[in-house]
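Using the hints provided, position chain B relative to the given structure of chain A.
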Amino acid sequence: MATTTASLTLTSTDLFDDSLSISNTSTLYKAGTTIGLDQTTGLTRTYVTATTQFDPFPVVKGATNADENGRVYIANLSEEITEFITVSIGDAVIGRLYAGDFLWMPWSPKLQHVNDLEITPSVATGMHIEFMAIHNYANIYPDSADS
Amino acid sequence: MATINATLSVSSGDLSSNSLSLSNTMTMTKAGTNTGLEFSSGLIRRKLTALTEIDLVTVGAQMYGTPTAAGDTHLSANKLYIKNTGSSSTDFVAIAIGDATGDEELLAAGGSSKVTLGNLYGGEWMIIPFHGTANNDILVKPSTAEATTIEWMLFFE
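Chains as they are written, first to last, in my numbering: chain A, 1 to 147; chain B, 1001 to 1157.
For reference, chain A alone in the conformation it holds in the complex (with noise of 0.2 Å):
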């Protein structure tokens, strides 16, 4: 087993009349237990040329996932500010990342084109994106080979 820790902090001290200090430290864990998160992607820094929606992290066709629930990373890295990717999961927009943004979430891929993780980047002109899981999927590409 391994151990991930991610945290996260929020600050800000003009949104509000008084400062904003949120902070959080959490240990990446399998669904359900204390032991940790054994495998990942890798970071992948992609440039995408196109504005069509792709997987970055597909499923396998006919394979379920499930009781897992790794952790995934995905950030805009244009300094464009108009630039954005939107994210979606099946067929529901999650959001926009602008040009420096990111997101940190679960994820529990379940059967294939129900809950993939798509990205759609909104220019054509070129557009780096990184993305990451830590996970321990059983059914996520790579695949074995000629299946």
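These are computed hints drawn from the structure, not numbers from a lab. It cannot be assumed that every hint is accurate.
[Unchecked claim] Cross-link-like lysine-lysine pairs, in silico, DSS-like; alpha carbons within 25 Å at most:
1. Lys110/A with Lys30/A
2. Lys110/A with Lys61/A
3. Lys30/A with Lys1141/B
4. Lys30/A with Lys61/A
5. Lys1141/B with Lys1047/B
6. Lys1141/B with Lys110/A
[Unchecked claim] Pulled from the structure, derived: some chain A residues nowhere near chain B, Cβ distances all over 12 Å:
7. Thr46
8. Thr51
9. Val60
Note that the Cβ used here is the ideal one computed from N, Cα and C, for glycine as well.
Then chain B, alone, in the frame of chain A:
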């Protein structure tokens, strides 16, 4: 406008053969601008004591102002933070997105569906963009009827 920063750090010494150390900071701005988000729901804390699914953020409802919805004519860069404040490694809250009255994981013709993102176990948290269009409510369902306390905060335009 306000300056709101979110910093994420992820690290591990043994997840891979080499150490993982990721850190990223974002300043929350309005869509397509350098102007900071200026509204917030405040940090909301709620104790759930039933297996009932609740509508955490009801799109369009005047609960704490109406976040600007994203869409063809309205862009938004709203952000949503959610935390399960518990300590259980077995109890969780399931986070879903969609229509609260819709069928789970079904792609109904009318767009009436909801999709589960994943589960937040005790002490876990998430931060995601919030789209805010119709049928895109954020839904939370505890796995236990024992008291589960969650906190959340919406930052919006």
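- [ ] Against the earlier hints, flag every one the structure doesn't satisfy and list their numbers going up.
- [x] Nothing - there is no hint that the structure violates, so all of them hold.
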